[in-house]
Amino acid sequence: MGRWVAARAAGALATLLLMSVVVFGLIGLMPGDPVDLMVAGDPNMTSADAARLRALYGLDRPLHERYLAWAGKALQGELGFSRSFGRPVLEILWPRLGNTLLLAGLAFAIAIVVALPLGMLAARRPGGRVDYLVNLACFAGVSAPPFWLALLMITLFAVALGWLPAGGMGDVPTQASWSDAALIRARHLALPVATLALVQIGHYTRFMRAAMIEALRQDFMRTARAKGVSEARAVWDHAFANALAPVLTVLALSFGGLFSGALITETMFAWPGTGKAIYQAILENDFNLALVGLLIATLATLLGNLLADLAQAWVDPRVSLTAGPGA
Amino acid sequence: MSRVLAVLVALILPFTLTTPARAKDELVVAMTQYPATWNPVIGSMLAKSLIQSMTRRPFTAWDADWKLRCHLCVEVPTLENGRARRVTLEGGKEGLEVDLEIQPAARWGDGVPVSVRDVAFTLEVGKHPLSGVASAEGYRRILAMKPHDDKRFTLTFDRVTFDYSNIDLQLLPAHIDKPVFDADPAEYRNRNRFDTDSTNPGLAHGPYRFVQVVPGSQIVLERNPTWWGPTPHFRRIVVRIVESTAALEANLLSGSVDYVLGELGLTLDQGLLFEKRHGQRFDVVHKPALIYEHIDVNLDNPLLADRRVRQALLMAIDREAISRTLFEGRQPVAHGGVSPLDPMFSPAARQYRHDPAEARRLLDAAGFSELRAGVRHNAKGDRFSIELTTTAGNRVREQVAQVLQSQWRQVGVELRIRAEPPRVFSQGLNRRAFSGLAMYAWVTRPQGVPRSTLHSGEIPSEANGWTGQNYPAYRNAEMDRVLDAMERELDEGRRRALFAEMQRLHAEDLPVLPLFFRVDSFVIPKKLKGVVPTGHVNGSTLSVENWRWVD
Numbered sequence: 001m002g003r004w005v006a007a008r009a010a011g012a013l014a015t016l017l018l019m020s021v022v023v024f025g026l027i028g029l030m031p032g033d034p035v036d037l038m039v040a041g042d043p044n045m046t047s048a049d050a051a052r053l054r055a056l057y058g059l060d061r062p063l064h065e066r067y068l069a070w071a072g073k074a075l076q077g078e079l080g081f082s083r084s085f086g087r088p089v090l091e092i093l094w095p096r097l098g099n100t101l102l103l104a105g106l107a108f109a110i111a112i113v114v115a116l117p118l119g120m121l122a123a124r125r126p127g128g129r130v131d132y133l134v135n136l137a138c139f140a141g142v143s144a145p146p147f148w149l150a151l152l153m154i155t156l157f158a159v160a161l162g163w164l165p166a167g168g169m170g171d172v173p174t175q176a177s178w179s180d181a182a183l184i185r186a187r188h189l190a191l192p193v194a195t196l197a198l199v200q201i202g203h204y205t206r207f208m209r210a211a212m213i214e215a216l217r218q219d220f221m222r223t224a225r226a227k228g229v230s231e232a233r234a235v236w237d238h239a240f241a242n243a244l245a246p247v248l249t250v251l252a253l254s255f256g257g258l259f260s261g262a263l264i265t266e267t268m269f270a271w272p273g274t275g276k277a278i279y280q281a282i283l284e285n286d287f288n289l290a291l292v293g294l295l296i297a298t299l300a301t302l303l304g305n306l307l308a309d310l311a312q313a314w315v316d317p318r319v320s321l322t323a324g325p326g327a
Numbered sequence: 001m002s003r004v005l006a007v008l009v010a011l012i013l014p015f016t017l018t019t020p021a022r023a024k025d026e027l028v029v030a031m032t033q034y035p036a037t038w039n040p041v042i043g044s045m046l047a048k049s050l051i052q053s054m055t056r057r058p059f060t061a062w063d064a065d066w067k068l069r070c071h072l073c074v075e076v077p078t079l080e081n082g083r084a085r086r087v088t089l090e091g092g093k094e095g096l097e098v099d100l101e102i103q104p105a106a107r108w109g110d111g112v113p114v115s116v117r118d119v120a121f122t123l124e125v126g127k128h129p130l131s132g133v134a135s136a137e138g139y140r141r142i143l144a145m146k147p148h149d150d151k152r153f154t155l156t157f158d159r160v161t162f163d164y165s166n167i168d169l170q171l172l173p174a175h176i177d178k179p180v181f182d183a184d185p186a187e188y189r190n191r192n193r194f195d196t197d198s199t200n201p202g203l204a205h206g207p208y209r210f211v212q213v214v215p216g217s218q219i220v221l222e223r224n225p226t227w228w229g230p231t232p233h234f235r236r237i238v239v240r241i242v243e244s245t246a247a248l249e250a251n252l253l254s255g256s257v258d259y260v261l262g263e264l265g266l267t268l269d270q271g272l273l274f275e276k277r278h279g280q281r282f283d284v285v286h287k288p289a290l291i292y293e294h295i296d297v298n299l300d301n302p303l304l305a306d307r308r309v310r311q312a313l314l315m316a317i318d319r320e321a322i323s324r325t326l327f328e329g330r331q332p333v334a335h336g337g338v339s340p341l342d343p344m345f346s347p348a349a350r351q352y353r354h355d356p357a358e359a360r361r362l363l364d365a366a367g368f369s370e371l372r373a374g375v376r377h378n379a380k381g382d383r384f385s386i387e388l389t390t391t392a393g394n395r396v397r398e399q400v401a402q403v404l405q406s407q408w409r410q411v412g413v414e415l416r417i418r419a420e421p422p423r424v425f426s427q428g429l430n431r432r433a434f435s436g437l438a439m440y441a442w443v444t445r446p447q448g449v450p451r452s453t454l455h456s457g458e459i460p461s462e463a464n465g466w467t468g469q470n471y472p473a474y475r476n477a478e479m480d481r482v483l484d485a486m487e488r489e490l491d492e493g494r495r496r497a498l499f500a501e502m503q504r505l506h507a508e509d510l511p512v513l514p515l516f517f518r519v520d521s522f523v524i525p526k527k528l529k530g531v532v533p534t535g536h537v538n539g540s541t542l543s544v545e546n547w548r549w550v551d
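Residue numbers (the numbering used here), protein chains in the order written: chain U, 1 to 327; chain D, 1 to 551.
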């Protein structure tokens, strides 16, 4: 187990290093640099100004030199400044990471709590009335573009009914009690979480349904029933446990996505998360922010992979973490 | 079922009943952008300028009537009032001296008086090669600053220009930022207090000061107790950043936001629709702005080199019809880069009306007389097929491009549309990589001299580091002479004549095809009074102290 974790950690480090080269290269090769954008927006900038700024930002040096300079500083813990926010990169990303985790984590949790039972329910009688209704709802959720869904939510609950705020995180007065503060946050979270969760519920329900149908068809289910095990116990103890393995893999892999943020939902509800920050950073040529944001997302995905493997081993005793390939 | 409903109601009820009551001494406004820095001298961005107009004031700015007025100074310097004078500089060159006096009561939010020390520090930062100031030209033109006392000083300019009265200098607080700058000028852009300690009261000297900044999301301002002007009506202003204009509209309707800043808010088509649907709750003001939508013509393209061709292209476009169809006639047709609202606008310059017959005649005369499969060809067999590059994602521009394609087709000109992401588009433009036409917008200033876009010395090239904005590569010695003279001419009458000549030359040569002046839609709640759209770079927030809520 220890060797396995060490091997995975080494692999993750190598992947991160490779990703930093690829991302830095891709951003560097994109057309236009920040000085181009400044020149286009300011008729008073002279060629001397442009040359001075390129030298100041290091844009006059070859890409590999810029990468090495960045990597050298990053190894010393200096991840640089965000050009689009004028602040250290981590000062921008940390609070946003927390906001994104809160939003996406809640949506993820709600989606799991709703989707797993729904998938099981639908799988009990494939083609039946319940299955039909669940499938219909899932397809609606999966097909609805998040942009449209968000607008629908805002129009209904914020504009027409006036029940919930249309966006933002809400101002928590300094003298507010803990419960008041939580309520203000909850009111602002309700619509974006619901929007994200609705889309995810469709996906996860479909996974759970397919896995359960497969498990219910297995010989061990027939054997369990023949042994007189009650239907509920057969479903929970045997079918669900077996169906859970592939679903857990999918869920664990989705974990990485929580960190890279939900761009559309964050934009529509003015929720200051990482998705919006990374997207803006790429558009505005904010090297440091884009690079660090994408590396954090990569790290989270690798962590998700690790979790998926651990979860597999946990629910399925046939999976061993000590055996290497071909062992 | 009823139990499920009861649980649902119990869950939802606390969320719906606890909307915190908001006293109307607080105004919640929204806009679509967050600035890259709060430092007033590093970089220029509309979002920053709109918010900082609430927290600080320049020496002079244009008001809503397009008149220059003093904010941080006591009197606009002019030759007539003796606060400006011509001087002979070393080497015999002619320059200008301008006397300025800082408002006696002006103090930073921490009580320290605004003084000549701040002026000296601001000039030091502006001129320093490592400070990160984007355009240092304005600072370089100031040769010297001579202090007389704490509040009075004289600036010496290296040349005589007509706009000497417009001192658009944004001061930095020396008592706060100078130690940071002195420690490491090259790191000043990252470590200045505007970005690292934005809520420091000593950074503001306007009606409001920052009390909270959530990068990319929200700014909260409260009255600045040291403000010397009239006390603002609102105690607190919350500025929210909502990037999606659809969400912005919903926020406004739901009451989450009281007012959307017109300069950075709803688009004109949204504003028009909003007016129809909710005109009873809001006053919608469509204010033409100094945002000039136009098409740059690459004059190095042989198909477009003949000015008769360019005139024909302009006459083949029915701009009035486009404005009527897409903007209900609210977006005024441009006849050049000078807005009709600008005192320097000349109605005498040639104005092109929609005349497809004349366009066909001009194209025939320019040699493109042979029609093959509906497209004109010249005697050499060159097909009149050109490419129009524009920014992707700008719905209005994409619609206009399609109309152009259809209208030019009717006179035998084939148009290929190429929409590019803004950063790709701006690099192509800077490198003059567009083959035929490029459609985009310029933001201009009142009485602005279009040197950077029309002077032959401003053609971007590898040799000059791709600077200058004369992307069409327009070369006209007479235009260069007029532009040079316009900048130096102090007599208003003679300057008006030079502006008229510049507009005449431009209208004849058409290196740029003028389209429209963009319109800002201000959706103002009926109870909010005092918001006055200006239509130029000094936006409506410069009079924020006059905004008030009338129940």
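Keep in mind the hints are simulated off the structure, nothing from the lab.
Mixed in with the good hints there might be a few duds.
Claimed, not checked - Covered stretches of chain U (in silico footprint by chain D; criterion: 3 or more residues with CB under 8 Å from a CB of chain D, positions within the stretch not fixed):
1. 206 to 220
2. 241 to 253
3. 265 to 271
4. 282 to 289
5. 299 to 311
Unchecked claim - Anything over 10 Å on all C-beta distances counts as not near chain D; from chain U, calculated:
6. R129
7. M169
8. A277
Keep in mind the model is a prediction, meaning the values are calculated, not measured.
Yeah, the Cβ is synthetic: ideal placement off N, Cα and C, and Gly gets one too.
Checked hints:
Figure legend: the stretch 206 to 220 of chain U, annotated as covered by chain D; annotation inconsistent (0 residues with Cβ-Cβ distances under 8 Å, at least 3 required). A count of 0 residues in the stretch 241 to 253 of chain U with a Cβ less than 8 Å from any Cβ of chain D is obtained; the coverage claim is therefore unmet, three being the minimum. With a cut-off of 8 Å between beta carbons, the stretch 265 to 271 of chain U has 4 residues touching chain D; three or more are needed, and the interface restraint holds. Counting residues of the stretch 282 to 289 of chain U whose beta carbon lies closer than 8 Å to any beta carbon of chain D gives 3, which meets the minimum of three for the stated coverage.
With 0 residues having a Cβ less than 8 Å from any Cβ of chain D, the stretch 299 to 311 of chain U misses the three-residue criterion, and the hint is violated. At roughly 17 Å from the closest C-beta of chain D, the C-beta of U/R129 stays outside 10 Å, upholding its exclusion from the interface. At roughly 7 Å from the closest C-beta of chain D, the C-beta of U/M169 falls inside 10 Å, breaking its exclusion from the interface. A beta-carbon of chain D comes within 10 Å of the beta-carbon of U/A277; the shortest separation is about 7 Å.
Hint compliance for this structure: hints 1, 2, 5, 7 and 8 are broken, all remaining hints hold.
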